[in-house]
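So the protein lines, in turn, are chains A and B. Each residue of the first sequence is one higher than the last, beginning at 1 in this note's numbering. Each residue of the second sequence is one higher than the last, beginning at 1001 in this note's numbering.
Simulated from the structure, these hints should not be mistaken for lab results. Among the hints, a few may not be true.
[To be verified] Computed cross-link-like contacts, DSS-like style, restricted to lysine-lysine with a CA-CA straight-line distance of at most 25 angstroms:
1) B:Lys1081 x B:Lys1037
2) B:Lys1081 x B:Lys1106
3) A:Lys65 x B:Lys1201
4) B:Lys1201 x A:Lys67
5) B:Lys1110 x B:Lys1081
6) B:Lys1043 x B:Lys1081
These are the residues of each chain, in order.
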Amino acid sequence: MIRDDAGFESNEKITGREPVQRKDKPAEQMYDREVPLNGISGHTLLHDWLDGEVDAMRASEVEGKSKVELWTRINAESEMLRRRVTPVHVQQRIMAALPDTPGTATSWWKHQVTMTPVSAIAIGVALLAVGALIIQALR
Amino acid sequence: MTATPLQNQGAQPLGAGSSTPDAEVPGIDVDQEIIAKVLAGSKDSFGVLITRYSDPLYRHALGMTGSPDVAEDILQASFIKAYQHLGEVRGRFDAWVFRIVANSCKDWLKNIRRTHVSYDEDDQPSTYSTPEEEMDRNELRTDLQFALARLAPSLREAFVMKHVEGRSYEEMALLLETTVGALKMRVHRAREALQQLLEEKYA
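With the sequences and hints as input, model every part of the structure.
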């Protein structure tokens, strides 16, 4: 989404000579932007700990005990979800819903066209009839 | 038999297997054999692929949608789609079917208007020792789901793969066909956003 940063929405009078100050965008608008990690401010010891590169004690000393405790709780919750398995009835449901033949499915325009003598004659007759109709219409 | 990245019994980090080319991972060869059997008419053999990969795919769908019912539907539709297009598989079946599920989840997130999804409809048995602990954890679970629902789908996907599924960045990069650096950035952004949303209450 492109936002107008010129400040017109706040009814500021702009003479045209005054420099327009850009407003700071909220941080969450930046989440989807991907830039190299080297030297970015968000790359903290907390991430290193969560990525298994330093121990909790070290992360706690630098980042604060409360943050490490919060992430310990989030990780415990994530662990619970990691143990989830597919309910048995789902596998049975999928097998029952499968079509009879598997997918050699290709798009219709990729299908090979088979031409029998009868269909070739029928197509020829149809083309002649269409041609005759066009000639008649032109006269 | 070596496990492939997506094989059931837990999402295993690729580790030594992750850096090897496809042909050197025995699980991939087994998949190819099964696919050949299915294409030759053995419909039941497809059940082997479902058994091998359903759990990590289900967990991904569950983490992304927050709803067991939706996760089941996405899993079913994805496996049927995979079956219908099985002749088009090039390379690894597990990565291919993962992308079908991942795209379905993101499509669902784009279309959904709900802001709140929860695990309330969950029928899994409780493992908490006391009612207080259960209440406490349920509250965090609900708040975490609220917070996850506010993330952009790509950030949510990266967080779920890293924290819920326990994958390595290398494995994630293989499955999502992107770079480790880009994924680290997404996971870091997701963590920062979640922390902002949750720390006022919990930290």
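Outcome of the hint check:
1. B:Lys1081 x B:Lys1037: 18 angstroms, holds
2. B:Lys1081 x B:Lys1106: It holds: about 16 angstroms lies between the C-alpha atoms, which stays within 25 angstroms.
3. A:Lys65 x B:Lys1201: Holds, at about 15 angstroms.
4. B:Lys1201 x A:Lys67: 12 angstroms, holds
5. B:Lys1110 x B:Lys1081: Since the Cα atoms of Lys1110 of chain B and Lys1081 of chain B sit roughly 20 angstroms apart, the hinted pair holds (cutoff 25 angstroms).
6. B:Lys1043 x B:Lys1081: 14 angstroms, holds
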